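All chains should be built: construct the whole structure from the sequences, respecting the hints.
Counted the way this note's numbering counts, the sequence shown spans residues 273 to 429.
No wet-lab data here; the hints were simulated from the structure. Given the structure is predicted, the values throughout are model-derived calculations rather than measurements. Heads up, some of the hints might be wrong.
To be verified - Pair ranges (Cβ atoms, derived): (1) 320 x 381: 40 to 50 Å; (2) 273 x 374: 49 to 59 Å; (3) 370 x 303: 17 to 27 Å.
Built from N, CA and C at the ideal position, the CB exists for glycine as well.
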Amino acid sequence: MRMVACALLVLAVTAAPATAGPADVAIDISNQIMSPFCDGVTLHDCPSQEALDLRAKIQRWASAGWSRERIYERLEAEFGAGIRAAPPARGAGTLAWVLPGLALLAGAGAAYSFARRWAVGSADAGTTPVVMSPRERARIDADLEALRGDTQSEVRT
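Next comes the structure, spelled out in structure tokens:
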């Protein structure tokens, strides 16, 4: 029984993934482009008749063997580059993917720098030695002794 389970596990792990059919490609593309008919909604989520027609057109293109890139290029030619829900990771679109990461790193670096300066500044604040003359030191010692004497006399009574 264990041998069968191990064999099934090996087959499941090593099996070649199924290739996406035209319907899967069409659905995936409609999820990755913005609807030119409904503002702020992907084509997949747009309920208009025009969106249904465009999804059917994408389905026909995928069934005809068009590549994803060819379908994207056709849609961009017809509706403009803003049809993509996310900018492509090439050309100027690369900046849209890289700049947020760089901004995050810069912010983390600035926060680290400020925190380090603040921690070092507060640690150094109380470590400056006070220089007193022998006369000042004797006066402070006498005042402390007087305070200790008053406290001890209050405790005794």
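Do the hints match the structure? See the list:
Against the hinted window of 40 to 50 Å, the Cβ-Cβ separation of residue 320 and residue 381 comes to about 47 Å, which satisfies the hint. Here the CB-CB span from residue 273 to residue 374 is close to 55 Å, well matched to the stated 49 to 59 Å. At about 24 Å, the beta-carbon gap between residue 370 and residue 303 stays in the expected band of 17 to 27 Å.
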